[in-house]
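So the protein sequences, as listed, match chains A and B. If you want our numbering, it's the position in the first sequence, counting the first as 1, plus 14. If you want our numbering, it's the position in the second sequence, counting the first as 1, plus 14.
Incorrect hints may appear among the rest.
Copies of the same chain look alike in the list, so a pair counts if it works inside one copy or between any two.
To be verified - Okay, derived cross-link-like pairs now, DSSO-like style, lysine-lysine, Cα gap no bigger than 27 Å in a straight line:
#1 Lys-297 x Lys-244
#2 Lys-29 x Lys-59
#3 Lys-244 x Lys-333
#4 Lys-51 x Lys-64
#5 Lys-111 x Lys-244
#6 Lys-111 x Lys-59
#7 Lys-297 x Lys-111
#8 Lys-244 x Lys-23
#9 Lys-64 x Lys-111
#10 Lys-244 x Lys-183
#11 Lys-244 x Lys-334
Treat the hints as calculated values from the structure; they're not laboratory data.
One-letter residues, chain by chain:
Protein chains: 2
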Amino acid sequence: MKNMILFNKPCLTGKEFDYIHEAIGSGQISGNGQFTKQCQSFLEKSTSAKKCLLTTSCTDALEMSAILARIEPGDEVIMPSFTFPSTANAFILRGAKIVFIDSRPDHPGVDERQIEAAVTERTKAIVPVHYAGVACDMDVIAAVATRHALFVIEDAAQAIDSFFIDATKKRIPLGSIGEFGTFSFHETKNIQAGEGGALLINRPEHIERSEIVWEKGTNRAAFWRGDVDKYGWVDIGSSFLPSELTAAFLYAQLEALRTTQDRRIDIWNQYNDGLQSIFQQAKLRAPYVPSFATNNGHMFYAVCESERIRADLIAFLRKKDIYSVFHYQSLHAAPYFQALHDGRDLPWADAYSSRLLRLPMHPELTNSQIARVVSGITDFFNSP
Amino acid sequence: MKNMILFNKPCLTGKEFDYIHEAIGSGQISGNGQFTKQCQSFLEKSTSAKKCLLTTSCTDALEMSAILARIEPGDEVIMPSFTFPSTANAFILRGAKIVFIDSRPDHPGVDERQIEAAVTERTKAIVPVHYAGVACDMDVIAAVATRHALFVIEDAAQAIDSFFIDATKKRIPLGSIGEFGTFSFHETKNIQAGEGGALLINRPEHIERSEIVWEKGTNRAAFWRGDVDKYGWVDIGSSFLPSELTAAFLYAQLEALRTTQDRRIDIWNQYNDGLQSIFQQAKLRAPYVPSFATNNGHMFYAVCESERIRADLIAFLRKKDIYSVFHYQSLHAAPYFQALHDGRDLPWADAYSSRLLRLPMHPELTNSQIARVVSGITDFFNSP
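Please put together the full structure from these sequences, using the hints given.
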C-alpha cells in the first residue's frame with residue numbers, strides 16, 4: 015500500500031475543518047450562506063464573471079445553463095463526442111437533439127473548424143469542452159455563434175485557473191467567455207469539494223432568472239434582498255445549491271488555489287521533461303497546448319499508438335503499483351446514443367477513447383514518485 | 015441574542031466531524047463511498063425499502079422519481095397545492111401537466127377523496143405529500159392508483175421515522191409504500207446534512223435503472239460490482255449523488271435518530287399540552303394526527319382564525335424574541351402557475367397558506383424556552 019502511486023487522491027489544504035466548524039457555528043448549514051457567498055465572490059473576481067452561483071455538481075451547472083438558455087424539445091446542441099455523458103444529458107433532459115463533433119487531430123478538444131457545417135436552423139447552442147483545462151479555440155467558436163445567434167456554454171469542468179489567449183494576446187479566463195461557463199469541484203479536479211460545481215453567468219440579462227432557477231424556481235434571493243415582500247413560485251427550477259458544509263470546504267480549497275496550482279504545474283512539467291525522449295522517439299504522443307491556450311496542470315495525458323499498447327502499458331505500470339487510467343468513451347458511439355447518431359465518422363474522438371492515457375496527478379505526489387512513473391514508462395518502451 | 019428562540023437551528027449529534035475525517039482518510043470524498051453505503055443501508059433497514067440512494071436534495075430525489083416513472087410531455091401528475099414548488103417542478107421539468115388538489119379540512123395533507131375525480135386518461139402519477147410528517151391516507155390513494163394503473167410517488171420530505179397505519183393496524187414506514195419515496199435532509203428537517211435527500215425504490219424492477227440515472231446515465235454501479243467490463247453512457251441521468259463529506263455528516267445524524275426523535279416528540283407534546291386551553295377556547299386550531307398516521311415530531315403547527323391574527327401573533331412573538339413562521343403559499347395560485355390552473359377553488363390549501371403558523375422546533379430548545387413560547391401565545395390570546 016505504501017508504495018502505491020494513486021491516480022488521484024483528495025487533498026486537504028489546511029482550513030477545511032475550521033471553516034466547516036464556522037459554518038455550523040453560524041447557525042446555517044443549508045445553502046446560500048456566508049461561505050457560498052465567499053466562494054462565489056472569489057470566482058467572480060478571478061474570472062470577471064458577472065455572477066457566479068455554486069451548484070451541487072458541474073452536471074447541475076450544465077443543467078442550469080440549459081434551462082437558462084431555454085432549450086426546448088427539437089432544439090439542436092453542438093458539442094464534442096469526446097466528453098463526459100453529463101455534457102450531453104444536461105441538454106437531452108430539456109428535449110434537445112445532440113450533434114456530436116470530432117476532436118482536433120492534435121488535441122482532444124472539439125475541432126472548431128467542423129462546427130459551422132453542423133449548424134442548422136434548429137441549432138440553439140454550442141458547448142465547447144475545455145479538455146484537460148486546455149482552451150478550445152474560442153475566437154472561432156464565438157464567430158460561428160455570432161453568425162448564427164447561438165448560445166455558447168463552456169463546459170469548463172477541468173478548466174479552473176486556465177485561459178484563452180485571444181488574437182490580441184489578452185488572457186481571458188475560461189468559463190467567462192460564453193453566455194455561461196461551468197466548473198467542477200469533484201474530487202478529481204484541481205479544486206475539490208467531494209462533489210460540487212459552479213455556474214458562471216456572463217451576461218447581465220441572465221442574472222435575475224439564474225437566481226430563481228437556482229432556488230427551486232422561487233424568488234427567494236430577491237426576497238432576502240428586500241426586493242419583494244413575499245417569496246413564491248415564479249418559474250421552473252431545481253435545488254441547485256450545495257450546503258454550507260460543502261461551501262466551507264470549497265472556500266478553504268479556493269484560498270489555497272495558487273499553492274495547489276503551482277504544485278500541479280510543477281508535476282506536469284516534471285512528467286513532460288522526464289518523458290521527452292519517449293516523445294521524441296514517437297512512442298507516445300505528448301500532450302499539446304495550442305498557442306491560444308494555457309496549461310492549468312489539471313491532467314497529464316499522453317496518446318499511445320494503439321489501444322493494445324495502452325492496455326499493456328496500464329498493466330505494466332500497475333505491476334509497479336502505479337495507477338494510470340484511460341478516459342472518456344466517445345459519446346456518439348455509446349450504447350445510449352449509437353442509434354441516434356447520424357453516422358458521421360468521428361475518428362479522433364474514437365482515437366482518444368481508445369488510446370489516451372492519464373498519469374497519476376495530485377498535489378501530494380512526491381518528486382520521487384513522479385520519477386518512478388517516468389522510469390516505469392521508459393522501461394516499458396525501452397526494454398527489449 | 016441569548017434570549018432569542020429561533021425557529022430552527024442546525025444541531026450536531028456528536029460524531030459528524032469524526033466521520034468527515036474518516037471519509038477524507040479513506041481517500042474518497044466524492045459520492046458513493048462507504049458512508050453513502052452505510053446511510054443507504056440504514057434507511058433500507060429502517061423503511062424496508064428494496065433500495066435506497068442518497069441524493070443532493072429531496073428535490074433531486076423527486077426528479078429521479080419523475081425520470082424513473084418515465085414522465086413525458088403531456089402526462090398529468092396529481093398532487094396537493096399546499097406543498098413546496100419542488101414537488102411540482104420535478105415533474106414539470108419532464109414536461110408534465112400538474113393537477114393540484116385541495117388539502118383536507120382537518121389536516122394540510124392532500125384530500126384523498128378528491129383525487130379520483132381528477133384522474134384522466136393522461137394521468138400517470140399521484141404524489142402524496144406527508145405534511146408535517148403525518149401520513150396521507152395511503153389505503154385510499156393506493157386503491158385509486160391500482161384502479162387506474164398510476165405511479166404513487168411519496169413526497170416524504172418531512173416524514174422520516176413516521177408511519178401509515180393500515181386497515182389491519184400494521185405500521186408501514188412512510189416513503190416505502192408507493193413505487194418511490196423521497197426524504198429531505200435539509201437543515202430544517204429532523205435528520206440533517208445541510209442540503210441532502212434520499213430516494214427509496216420500493217419495486218425491484220426499478221432498481222437497476224435507478225442506479226444508472228443516479229450515476230449520470232452510466233452503468234458505473236454495475237461496473238464496480240463487476241457485472242460489466244467497461245462502463246459507459248446507457249441512459250439519461252444526472253449527478254444525483256452527494257459527496258462522502260455530506261454522507262459522513264448524515265450518517266452521524268442517522269445513528270442518533272432515536273435520541274433526536276425522542277426529544278422532538280417531547281417538545282411537540284409540551285407545546286400540545288401547554289396550549290390545550292387556547293385550543294379549547296377555539297382561538298387556535300390544534301394540529302391533527304389522523305388515526306391512520308403517526309407523529310414524528312417534525313413540526314408543531316397551529317391554524318389561526320385569520321391571516322390578520324396570524325400576522326399579529328407572529329409580530330407579538332417576535333417582540334418577545336420568539337421566531338414563529340408561516341409556510342407554503344398554495345401552488346395553484348402562485349405567479350408561475352395561476353394562468354395554468356383550471357380555475358377550481360382549493361379553499362383549504364388557501365386557508366393553510368394564509369392561516370397556518372409553525373412554532374420553533376429543534377432538539378436544542380429547552381423546556382423553559384418551550385414554556386416561554388406557550389406563555390407568549392397564551393398572553394396574546396388572553397390579554398385584554
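Hint check results:
{"no.": "1", "hint": "Lys-297 x Lys-244", "in the structure": "between (65 Å within a copy, 26 Å between copies)"}
{"no.": "2", "hint": "Lys-29 x Lys-59", "in the structure": "within (21 Å within a copy, 36 Å between copies)"}
{"no.": "3", "hint": "Lys-244 x Lys-333", "in the structure": "between (63 Å within a copy, 21 Å between copies)"}
{"no.": "4", "hint": "Lys-51 x Lys-64", "in the structure": "within (14 Å within a copy, 39 Å between copies)"}
{"no.": "5", "hint": "Lys-111 x Lys-244", "in the structure": "between (38 Å within a copy, 26 Å between copies)"}
{"no.": "6", "hint": "Lys-111 x Lys-59", "in the structure": "neither (35 Å within a copy, 41 Å between copies)"}
{"no.": "7", "hint": "Lys-297 x Lys-111", "in the structure": "neither (39 Å within a copy, 58 Å between copies)"}
{"no.": "8", "hint": "Lys-244 x Lys-23", "in the structure": "between (45 Å within a copy, 22 Å between copies)"}
{"no.": "9", "hint": "Lys-64 x Lys-111", "in the structure": "neither (29 Å within a copy, 35 Å between copies)"}
{"no.": "10", "hint": "Lys-244 x Lys-183", "in the structure": "neither (48 Å within a copy, 42 Å between copies)"}
{"no.": "11", "hint": "Lys-244 x Lys-334", "in the structure": "between (63 Å within a copy, 23 Å between copies)"}
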